[in-house]
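Asks: Residue numbers (UniProt numbering), protein chains in the order written: chain L, 1 to 434; chain H, 1 to 434.
Since the hints were derived computationally from the structure, they do not count as laboratory data. Worth double-checking, as some hints may not be accurate.
It does not matter which identical chain is used: a pair holds within one copy or between any two.
List time: in silico DSSO-like cross-link candidates among lysine-lysine, alpha-carbon distance up to 27 Å [stated by the list, open to error]: (1) 377 <-> 318; (2) 307 <-> 150; (3) 318 <-> 150; (4) 267 <-> 318.
Number of protein chains: 2
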Amino acid sequence: MSHSSGQSGATSPEAYYQRVMQLCSQAAPTATAHIPVDVFACGRVLAADVRATWPVPPHANSAMDGFLVHRADLPAAGAGPRSLAVCGDVPAGSAPQLPAPGQAVRIMTGAPIPEFPAQLADTPDLLVVPVEDTDVPAGPGPLPSEVTIKRAPRRSNIRARGENLQPGDVLATSGSVVDPGTVAALLSAGVSTIAVRPNLRVAIISSGAELLPLHPGTPTPQTLPAGKIPDSNGPMLAALVRAAGYSQLSTHHSIDDPRALRGLFDKLSADHDVILTTGGISAGAFDVVRHVLSTSEQSWFGHCAQKPGAPQGHGLWKDTPVLCLPGNPVAAFVSFHLYLAPALALLSGAQAAPTLWARPQLSAQAASDFPAAPPGKLAVVPVSVDYSGARPQAVAYSSGGIGSHFVASLAGTTALAAYATAVSAGDPLDIYPF
Amino acid sequence: MSHSSGQSGATSPEAYYQRVMQLCSQAAPTATAHIPVDVFACGRVLAADVRATWPVPPHANSAMDGFLVHRADLPAAGAGPRSLAVCGDVPAGSAPQLPAPGQAVRIMTGAPIPEFPAQLADTPDLLVVPVEDTDVPAGPGPLPSEVTIKRAPRRSNIRARGENLQPGDVLATSGSVVDPGTVAALLSAGVSTIAVRPNLRVAIISSGAELLPLHPGTPTPQTLPAGKIPDSNGPMLAALVRAAGYSQLSTHHSIDDPRALRGLFDKLSADHDVILTTGGISAGAFDVVRHVLSTSEQSWFGHCAQKPGAPQGHGLWKDTPVLCLPGNPVAAFVSFHLYLAPALALLSGAQAAPTLWARPQLSAQAASDFPAAPPGKLAVVPVSVDYSGARPQAVAYSSGGIGSHFVASLAGTTALAAYATAVSAGDPLDIYPF
Numbered sequence: 001m002s003h004s005s006g007q008s009g010a011t012s013p014e015a016y017y018q019r020v021m022q023l024c025s026q027a028a029p030t031a032t033a034h035i036p037v038d039v040f041a042c043g044r045v046l047a048a049d050v051r052a053t054w055p056v057p058p059h060a061n062s063a064m065d066g067f068l069v070h071r072a073d074l075p076a077a078g079a080g081p082r083s084l085a086v087c088g089d090v091p092a093g094s095a096p097q098l099p100a101p102g103q104a105v106r107i108m109t110g111a112p113i114p115e116f117p118a119q120l121a122d123t124p125d126l127l128v129v130p131v132e133d134t135d136v137p138a139g140p141g142p143l144p145s146e147v148t149i150k151r152a153p154r155r156s157n158i159r160a161r162g163e164n165l166q167p168g169d170v171l172a173t174s175g176s177v178v179d180p181g182t183v184a185a186l187l188s189a190g191v192s193t194i195a196v197r198p199n200l201r202v203a204i205i206s207s208g209a210e211l212l213p214l215h216p217g218t219p220t221p222q223t224l225p226a227g228k229i230p231d232s233n234g235p236m237l238a239a240l241v242r243a244a245g246y247s248q249l250s251t252h253h254s255i256d257d258p259r260a261l262r263g264l265f266d267k268l269s270a271d272h273d274v275i276l277t278t279g280g281i282s283a284g285a286f287d288v289v290r291h292v293l294s295t296s297e298q299s300w301f302g303h304c305a306q307k308p309g310a311p312q313g314h315g316l317w318k319d320t321p322v323l324c325l326p327g328n329p330v331a332a333f334v335s336f337h338l339y340l341a342p343a344l345a346l347l348s349g350a351q352a353a354p355t356l357w358a359r360p361q362l363s364a365q366a367a368s369d370f371p372a373a374p375p376g377k378l379a380v381v382p383v384s385v386d387y388s389g390a391r392p393q394a395v396a397y398s399s400g401g402i403g404s405h406f407v408a409s410l411a412g413t414t415a416l417a418a419y420a421t422a423v424s425a426g427d428p429l430d431i432y433p434f
Numbered sequence: 001m002s003h004s005s006g007q008s009g010a011t012s013p014e015a016y017y018q019r020v021m022q023l024c025s026q027a028a029p030t031a032t033a034h035i036p037v038d039v040f041a042c043g044r045v046l047a048a049d050v051r052a053t054w055p056v057p058p059h060a061n062s063a064m065d066g067f068l069v070h071r072a073d074l075p076a077a078g079a080g081p082r083s084l085a086v087c088g089d090v091p092a093g094s095a096p097q098l099p100a101p102g103q104a105v106r107i108m109t110g111a112p113i114p115e116f117p118a119q120l121a122d123t124p125d126l127l128v129v130p131v132e133d134t135d136v137p138a139g140p141g142p143l144p145s146e147v148t149i150k151r152a153p154r155r156s157n158i159r160a161r162g163e164n165l166q167p168g169d170v171l172a173t174s175g176s177v178v179d180p181g182t183v184a185a186l187l188s189a190g191v192s193t194i195a196v197r198p199n200l201r202v203a204i205i206s207s208g209a210e211l212l213p214l215h216p217g218t219p220t221p222q223t224l225p226a227g228k229i230p231d232s233n234g235p236m237l238a239a240l241v242r243a244a245g246y247s248q249l250s251t252h253h254s255i256d257d258p259r260a261l262r263g264l265f266d267k268l269s270a271d272h273d274v275i276l277t278t279g280g281i282s283a284g285a286f287d288v289v290r291h292v293l294s295t296s297e298q299s300w301f302g303h304c305a306q307k308p309g310a311p312q313g314h315g316l317w318k319d320t321p322v323l324c325l326p327g328n329p330v331a332a333f334v335s336f337h338l339y340l341a342p343a344l345a346l347l348s349g350a351q352a353a354p355t356l357w358a359r360p361q362l363s364a365q366a367a368s369d370f371p372a373a374p375p376g377k378l379a380v381v382p383v384s385v386d387y388s389g390a391r392p393q394a395v396a397y398s399s400g401g402i403g404s405h406f407v408a409s410l411a412g413t414t415a416l417a418a419y420a421t422a423v424s425a426g427d428p429l430d431i432y433p434f
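This is chain L alone, in the form it adopts within the complex (with noise of 0.2 Å):
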């Protein structure tokens, strides 16, 4: 079933994003993968809820550096200074050790604490005085034979076994993406492999006959053939992608021919889970890209309200989402944090797909005028931002003007700026980092 909807009726940019969203919902993976828990699997999507297979921290042990004494031996309130002969050592690692009644063993900071009596936390019958309450020096030294105790500690200084997390706890949820904290917190439980979602495999065609793939690293000709441009919106795709966290991805170009891009499609669409295009969805006479996906399903192409960027649209080809951007290089840089962002978190598996609506947004300084887009529609205005002082000021991409084509001036921002109505220099301006 194909719907478009012609400028006159254009789609605000929630509805196109919920519109997006739902396309994709359909397409969300169910396929799972196991991975070992190391740098590497940061990024990767959950397929399952994750337990904890031991407790955290794993042992009772001690908080401070100090001495692991009974409570019974503590200087008592009002008395003077308490000396104790000091029995044992435990440096962190080794096996944990019960003083005698009346003695105390050296002990440093996550080193073991017997587990006795049973609930330690609630009564504390052993007790840790951290090294600066005793007359013994700190940092390296020898094991005092004896140990004078200046004052009693208020708390235990103990770590009770399981107090942050038992086994069987939940460390991580289904759909969250890990991240630095989930690896250290899985493997703090003893969880060496997760299941997660396979890697998104994603397709980039940049369309258009003018454009000329440049070949990096090799000299560019002084001048460029008449008529032709060259190819960057496939590479910016590519990066944006690949600095989304999807690393797995193929990029192709396209001329604007119908049975070309069919073949295209068909070939892609085999091992790919997304289709993403650029270019050939507007009102041109050879907008190839709208004029082959409009036949087909679930596509729907027409104008957002919003500049730059109007012109967007999406459909499935052999049920692979082809999701289609404008162009114009700062349409398609725009709408890529607009929507590819969240269409492609939620393609690869993960739980929540952030709207530019509720990323953060932060109330900035324009550092110049912002011009309003025309009536009714929002302008988004990508920016670098300058936190140094003491309110964050917000430099529009260009500063001779703003210009879907300014694409040379697209390196270094870092959010949006999205407004309804013209803002002047020095007034608020909300943005969005990316």
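Model the placement of chain H on the given structure of chain L, informed by the hints.
Replies: What follows is chain H alone, placed relative to chain L:
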């Protein structure tokens, strides 16, 4: 020259940050490598300003799908529509065509326009009538023999050659980090090779005899040997370093033996640009990292007025910076974001090394009580953030309390909350997304 500060004279986090930056600024890179401009260039640091080879856009081109005509051939104000013969067709990618007076050329968005007269933008003899303002239907179709212009456009709809950038203009500056927008900017201006700083080579040492390195991907035992804990700090730090964009890293484990650690420092300093350590820098009898490094050049060990993460330190080992994190995992995690992330940026040659205080700051709402740090100390708490409501909700990393050993609760945290006095549930809380 070695210096150390005691607990009583704790250093402010900002002063410690400056101290680390000062150390690292001496070790900023001077070497240069040349790499192709492609997706893998992202994250690299430019070693020189980059200037445009081509103008952007490379030729005057149409901003619309429509018809190129002479201004003199537009319908006069108040007069009816005007019909012109269509004498040519310029798809994008073709050579430009100049319509004869009284005639029109069909032209697509991005297609070239003859560079005539010289200052097109100033004296627009030529202009493009959008297809929507003619009697020709938008979209694919054969070339019509005639076009009727219904409305004269208000703009030329012509983008001038070099409107965005001229050859020789600076595209991106030395010390900036290549991002997807930079890739697009460079390629659009004909730059396919760039001079960058070498990849930063990072060595990571987790120290402590209690640490049991796990073997990712193999089953873990049901219980741990007495006194042992899994090494989660090493993999966590590796994941943090990699997520920050530095993929050339090696990980190591050190037991609490000064001679072995000196040997490891000797070995690693020979072929790494920076060494990061966790653990062994506090007041313990076996705190070997501090002990060994205290004799090194420019070493400093002491306490920062923060919780967690009070013990901090660093030194130079044979001119290689050694940056030391505390061993408590939450303290290490927090300290990475406060000090090591900006330090690594500086060591990689990046121009701007943002501090916590110069990063995006959001006013969130505390989802629960955040307890105060001890008097005079800054509390720094990892939080997960829910952005879906009217105001971001900051959830402390552990609902069971805030303990520097609660490593199993770090999963999914995306920001640091920093505050001087206790914050109650519902109150505003400043957060800093990583």
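Asks: Please write out, lowest number first, the hints stated earlier that are contradicted by the structure.
Replies: Violated hints (numbers, rising): 1, 3; every other hint is consistent with the structure.
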